[in-house]
Each structure stands twice: as structure tokens, then as C-alpha cells.
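Can you make the complete structure from the sequences, with help from the hints?
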Amino acid sequence: MADVSLRETYGKTLAELGKDNADIVVLDADLSKSTMTKFFAKAFPDRFFDVGIAEQNMIGIAAGLAASGKIPFASTFAVFAPGRCFDQVRMSVAQPKQNVKIVTTHGGITVGEDGITHQAIEDLALICSLPGMTVIVPADALETALAVRAAVETEGPFYIRLPRLNLPVVLDEKYKFVIGRAVELRPGNDVTVMAIGIMVAPALQAADNLKSEGIGCRVLNMSTIKPIDEDAIIKAAGETGAIVTAEEHLEHGGLGSIVARAVGKHYPVPLDYIALHTYAQSGKPQELLQRYGLTAANIEKSVKAILKRKK
Amino acid sequence: MTPVQPQSVKELEVVARRMRRNILTMISRANSGHPGGSLSSVEIVTALYFNIMKHNPADCTWPERDRFVLSKGHAAPLLYAVLAEWGYISVEELSTLRQIDSRLQGHTECRLVPGIEMSAGALGQGLSFSIGVALAARLNNEKHHVYTLLGDGECDEGQVWEAAMAAAHYKLDNLTAIIDNNGIQLDGRNRDIMNIEPLAPKWAAFGWYVIEADGHSFKELIDAFHKAGQIKGQPAVVIAHTVKGKGVSFMENNPDWHGKAPTPEELGRALRELE
Numbered sequence: 008m009a010d011v012s013l014r015e016t017y018g019k020t021l022a023e024l025g026k027d028n029a030d031i032v033v034l035d036a037d038l039s040k041s042t043m044t045k046f047f048a049k050a051f052p053d054r055f056f057d058v059g060i061a062e063q064n065m066i067g068i069a070a071g072l073a074a075s076g077k078i079p080f081a082s083t084f085a086v087f088a089p090g091r092c093f094d095q096v097r098m099s100v101a102q103p104k105q106n107v108k109i110v111t112t113h114g115g116i117t118v119g120e121d122g123i124t125h126q127a128i129e130d131l132a133l134i135c136s137l138p139g140m141t142v143i144v145p146a147d148a149l150e151t152a153l154a155v156r157a158a159v160e161t162e163g164p165f166y167i168r169l170p171r172l173n174l175p176v177v178l179d180e181k182y183k184f185v186i187g188r189a190v191e192l193r194p195g196n197d198v199t200v201m202a203i204g205i206m207v208a209p210a211l212q213a214a215d216n217l218k219s220e221g222i223g224c225r226v227l228n229m230s231t232i233k234p235i236d237e238d239a240i241i242k243a244a245g246e247t248g249a250i251v252t253a254e255e256h257l258e259h260g261g262l263g264s265i266v267a268r269a270v271g272k273h274y275p276v277p278l279d280y281i282a283l284h285t286y287a288q289s290g291k292p293q294e295l296l297q298r299y300g301l302t303a304a305n306i307e308k309s310v311k312a313i314l315k316r317k318k
Numbered sequence: 416m417t418p419v420q421p422q423s424v425k426e427l428e429v430v431a432r433r434m435r436r437n438i439l440t441m442i443s444r445a446n447s448g449h450p451g452g453s454l455s456s457v458e459i460v461t462a463l464y465f466n467i468m469k470h471n472p473a474d475c476t477w478p479e480r481d482r483f484v485l486s487k488g489h490a491a492p493l494l495y496a497v498l499a500e501w502g503y504i505s506v507e508e509l510s511t512l513r514q515i516d517s518r519l520q521g522h523t524e525c526r527l528v529p530g531i532e533m534s535a536g537a538l539g540q541g542l543s544f545s546i547g548v549a550l551a552a553r554l555n556n557e558k559h560h561v562y563t564l565l566g567d568g569e570c571d572e573g574q575v576w577e578a579a580m581a582a583a584h585y586k587l588d589n590l591t592a593i594i595d596n597n598g599i600q601l602d603g604r605n606r607d608i609m610n611i612e613p614l615a616p617k618w619a620a621f622g623w624y625v626i627e628a629d630g631h632s633f634k635e636l637i638d639a640f641h642k643a644g645q646i647k648g649q650p651a652v653v654i655a656h657t658v659k660g661k662g663v664s665f666m667e668n669n670p671d672w673h674g675k676a677p678t679p680e681e682l683g684r685a686l687r688e689l690e
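Chains as they are written, first to last, in the numbering used here: chain F, 8 to 318; chain Y, 416 to 690.
Everything labelled a hint here was simulated from the structure, so no lab data went into it.
Glycine included, C-beta positions come from ideal geometry on N, C-alpha and C.
Some clues are possibly wrong.
To be verified - Each computed SDA-like pair below joins lysine to any residue, with the alpha-carbon atoms no more than 25 Å apart:
1. K45/F to A583/Y
2. K558/Y to F51/F
3. K675/Y to R518/Y
4. K308/F to S219/F
5. K634/Y to Q649/Y
6. K26/F to D57/F
7. K647/Y to D53/F
8. K104/F to E524/Y
9. K318/F to Q288/F
10. K104/F to C525/Y
11. K104/F to L527/Y
12. K308/F to V190/F
13. K26/F to K469/Y
14. K40/F to V176/F
15. K26/F to Y585/Y
16. K104/F to Q514/Y
17. K104/F to D481/Y
18. K26/F to L527/Y
19. K40/F to D121/F
20. K272/F to G248/F
21. K469/Y to E557/Y
22. K586/Y to I31/F
Stated by the list, open to error - Sample of chain F residues lacking proximity to chain Y, with all beta carbon distances greater than 10 Å (derived):
23. R54
24. A132
25. A157
26. R188
27. A267
Right under this line is the structure:
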């Protein structure tokens, strides 16, 4: 099956949900052609607000709309939210628990050629630091649509991070998305790989390769990284005894850090982190993923190394 | 609902003096807080809550209420004082300001206190929030009005001007900003720290209908708010010329009283001036 655009799915899902729910309003900061909120803008021009290149103002307006009973979706690139408007998200959204849904696209290094100014690799650390936020990094287009629906149906502030790239569909139509619940995509009892976003497909590929070598690698899709599914983490630690995390984000403050906190507190086992360690550079997305080790091959390498550390 | 019962200027002056006493008493008791910018806005807020806004202390979520958004969140004691005047909170509760387990946080928190529309404290965010409220009113075909109080020092924040541009772009004639133009910010006089003047042509250039008023004259303020309510097709701003620390001789026009609590002895002197 061909790869599918998560952001196009986002824009079309919003436009679809907007038909039945007049409270949904959408804001963008002059990127609607890229974030794909343009689909909603075309369908419901009266409920779409392009605020220009002003992310701080966008978040504040969204908070005011939410305080008045609307369900605002505010979109821009992941590098600009929460980076450009962190205090607005903190004081106007998170502290008063406003029902604002921030959905960003172009997360991570696979924005590619635009370079490090546009590669959001700190956004999850920032947003996950805020009490009360629900933070979701969907693994494919199907999960994107389900996460957007869940955000509409669930009161409270959300952050959903999408990539620029089209991704393979890794979930099937029977998949049930539940906020805060990790989902096992491959069984296995030797080691667990926990992945989010674009790293779920390489994690599955790694698990399939390892299986042919006789290594049972459990794969968990950790799409809700806040609140994290601690039960699934403790279970994986107990049953598989070693965990590798995989994410398109800095090692600091993202999935790896969050899993490490849970493991350290509840069930210490060896950990390794497939993540970024510093800023990257311009390049084609696939070149960057290779150069910075966000690959199935690197996950396999990490798994083999961590198996030796298991007690 | 409580329909607004217009008060005479004389009656409003009695309320304003009582609010000043309550503001200083609660700050002194808390031994921290911001008297200067609370005192400078007393007439603005009194005029709004007593003679201009529709609001209902029995139902702070009444959809038709006019909204007051305090963007300069350090004037929290002023907002608490006017909410106590109307019974949203009790006068007794004012003495809990800034103390542990009190609802009256140092800067306003909307989820804790009935009648507060927005949490504020980090400056520059209230006008954006107010645009969202005004846009929602337009979408819902509601007729209420949004009043947003900013400090002049607060206008240093870039977000204020993002919002100023947007409110004019959206032609929000259901939104009125009020600038407490007391000329002083924490570190000193605006003209020495960061010159924000001339304010009136700045706001006009951003597309706002500008009204200037003596921020301690009830007559001028009430006239200004009536005028602002009649403007069509653009937002209005009332630039209220005020005196920081107004009403207490040793606080007036003195940057030192931006964020300092009066001692019991100083409070006594201030209260005698406000009898």
C-alpha cells in the first residue's frame, strides 16, 4: 500500500468533523497550505482564522475561543508551537485547562532540506513539561484521524504532532485508539521496542528481521506520550527485561526520557534510546534518517546490544 | 441577571475610595503585591462594573454578560476588590490574598474565582484572548461586549501588537481595549526604560478608533465607553491618562510602589487619606 499523508488526513478529518460539529473552529499562522487546514478553510471559511505569522497571538485567540465554548484547533509547524509561543500555551492554555487543540506538522528532522531552524526536535520536551496536556504522536494516517476525533470528544488541552512525510499505514481498520493506551503491534518476550510517529514502521521492520534470527521483539506503539501508559511499560519491563525507545526527537525530554522515568521508578531494566543527540542539518529526509541513526538497522543493533545487558 | 444601575459620580467616588482602602489593606496584610497599578485603574474598573457592563453576580457564566478581561494581571487586588463589591466573593475573603489555600492568587486564576474570565500575570496575553472571545460572540451572534484592560508598560510586549493588528483586521467592534497610561513600569518611568509613546497614533495606525480620557474622571471615562460602544467596523481603545498609586500622596507617581506592600504604619497613613 502506498504511503499516506498524515497532514492531509488531518485537514480532511477536520473538514469532515466540522460538518456535524459547529463548535469546531480552526486557526493557522500562514501555513494552511502546508498544515492542510486549508481543507477546513475551504469548507467553513467563517470558522477559519488565519492570523498571519503570529503564533503567540494565535494561541491566545484560541484560548479565548475555547473559553467561549468553541473547540479551536490551532495549527502551525512543530518548530513554532510550542517553541514560539511556549508561555502562551503555558499561561493561556495549560494553566486554565482551556480546551485548545494544538496540531503541528513538520515535526522532527524529516522536514529535511529546510535545515535545523525548521527541524523541531525539542517540541515534545517542551510540551510534555506542561501539566494537564495530552500529547499524541500518531504512527500513521489512520491513527491521525482517530486522534483528531478523540481530541474533539475529550475536554482539555491537546498537542498532536505530525510529520511532513507520507508514512506507510501500520495499523489496520480494527485498530482502536484509546488516549493514554500503548498498543502492542508485535508480540515478543525477549525485548521491547517502544516507538512513536515515523519510527513505528522501522520498529516493526526491525522486529520482523529479528524474529527471523530467533529474537522475540515486542513492539509497542506509544502514540500517547502524555499521559504515558505506565502499565504497558511496567508489563514490558517485567516480561521482556529490556526496552529500546525510538523517536524522531532529542533524547532529552521525549519518549525515551518519559519511559526511563517510569522504568526507573517502577521496574528498573536496561534501556537504550534511538533518538537525536544534537542538531542535524539540511538534507533529504531519508539521508538524514540514515545519518542520524533513525533506522530499522540501528534499532536491531541496539536490541542485540541490550540483550547482552539483560540479567 | 443584574441590570446595571447607573450610579451618580458621587456614588462612584464613594465606591472607588472603599475599593482603594480594600486594595491597600489586602496587599499590606499579604505583605506583597502591586499597589501602584491597582490604584491607577480604580476608576476605570469601577465605571465598567457599575455603569457600563451587564453582568450577573448570581451567574458568572451568564452568556449575555459583558466580559472584563484583566490583561495586566498584577492588578489582581483591584479585580478582587470589585468582585467583592458585587458579591462574587466576600469582602472577608480579601484578607486571604496570596496566602496558601486561598482562591485569591497573587495573579488572577480564572478557574478558582467566579467572575474572572482569564488567568493573567505574564503580560501581553489578554488582548489575544479577548479577540477569541469577541470572535466567538460574532460566530454565535451574541451582542455582548469585551473590555480588556492593559498597562502602558505591558504594551512593550510584541504580542500586544500582533493582537492589535488582528483585532482591527477582524473589525471587532465588540471589543474595547483600555490602556492604563500611568507612565511608569517596574524599573522606572516608561520614557526612561522603554518609550512606548506616542500611544494614540500607534493604536490609530494599527486600525483602532482612539479615545483619550482622564482615567480618574468618571464623567470622561463613562463618555469614552459609551462612545467606544457606538463605533462600528473597528475596535476602540480608550487611552486613560492616569496616575500610578492614585489616591495616596506618598505612592503617587513613584515607581517604588509598583510592587511593594505598605507596612502597617504606611497603611494607616494611606487609609487616613482615603477616608
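The hints, checked one at a time:
Annotation: proposed proximity of K45/F to A583/Y holds, straight-line Cα distance about 23 Å (limit 25 Å). For the suggested pair K558/Y and F51/F, the alpha carbons sit about 22 Å apart, so the restraint of at most 25 Å is met. At most 25 Å may separate the alpha-carbon atoms for a hinted pair to count; K675/Y and R518/Y meet this at roughly 21 Å. Our distance criterion of 25 Å between C-alpha atoms is met by K308/F and S219/F, whose separation comes to about 15 Å.
Note on K634/Y and Q649/Y: the hinted pairing holds, with a Cα-Cα distance of about 24 Å set against a maximum of 25 Å. For a cut-off of 25 Å, the pair hint linking K26/F to D57/F stands: about 20 Å separates their Cα positions. Restraint check for K647/Y and D53/F: the C-alpha separation of about 20 Å stays at or below 25 Å, so the hint holds. Of the pairs offered as hints, the one joining K104/F and E524/Y holds, with about 11 Å between alpha carbons and a cut-off of 25 Å not exceeded.
Annotation: proposed proximity of K318/F to Q288/F is violated, straight-line Cα distance about 39 Å (limit 25 Å). Taken as a hint, the K104/F and C525/Y pair is honoured in the structure, with Cα atoms around 10 Å apart against an allowance of 25 Å. About 12 Å separates the Cα atoms of K104/F and L527/Y, which keeps this hinted pair within 25 Å; it holds. Pair hint K308/F plus V190/F holds up; C-alpha atoms about 23 Å apart against a cutoff of 25 Å.
For the suggested pair K26/F and K469/Y, the alpha carbons sit about 34 Å apart, so the restraint of at most 25 Å is broken. At roughly 23 Å between alpha-carbon atoms, K40/F and V176/F fall within 25 Å of each other, so this suggested pair holds. At roughly 24 Å between alpha-carbon atoms, K26/F and Y585/Y fall within 25 Å of each other, so this suggested pair holds. The straight-line distance between the Cα atoms of K104/F and Q514/Y is roughly 23 Å, inside the 25 Å bound, and the hint therefore holds.
Among the hinted pairs, K104/F with D481/Y is consistent with the structure: their alpha-carbon atoms are about 22 Å apart, no more than 25 Å. With a C-alpha separation of about 35 Å, the suggested pairing of K26/F with L527/Y is violated against the 25 Å cut-off. Taken as a hint, the K40/F and D121/F pair is honoured in the structure, with Cα atoms around 16 Å apart against an allowance of 25 Å. With a CA separation close to 15 Å, the supplied pair K272/F and G248/F stays within the 25 Å bound.
A distance of roughly 13 Å separates the Cα atoms of K469/Y and E557/Y; the hinted pair therefore holds under the 25 Å criterion. For the suggested pair K586/Y and I31/F, the alpha carbons sit about 22 Å apart, so the restraint of at most 25 Å is met. Some Cβ of chain Y comes within 10 Å of the Cβ of R54/F; the nearest lies about 7 Å off, and the non-interface call is violated. Listed as outside the interface, A132/F is consistent with that label: its C-beta sits roughly 20 Å from the nearest C-beta of chain Y, beyond the 10 Å cut-off.
Here A157/F stays apart from chain Y, with its beta-carbon at least about 23 Å from theirs, past the 10 Å limit. At roughly 28 Å from the closest C-beta of chain Y, the C-beta of R188/F stays outside 10 Å, upholding its exclusion from the interface. Once the 10 Å rule is applied to beta carbons, A267/F is consistent with being away from chain Y; the minimum gap is 31 Å.
Checked against the numbered hints above, the structure violates hints 9, 13, 18 and 23; every other hint is satisfied.
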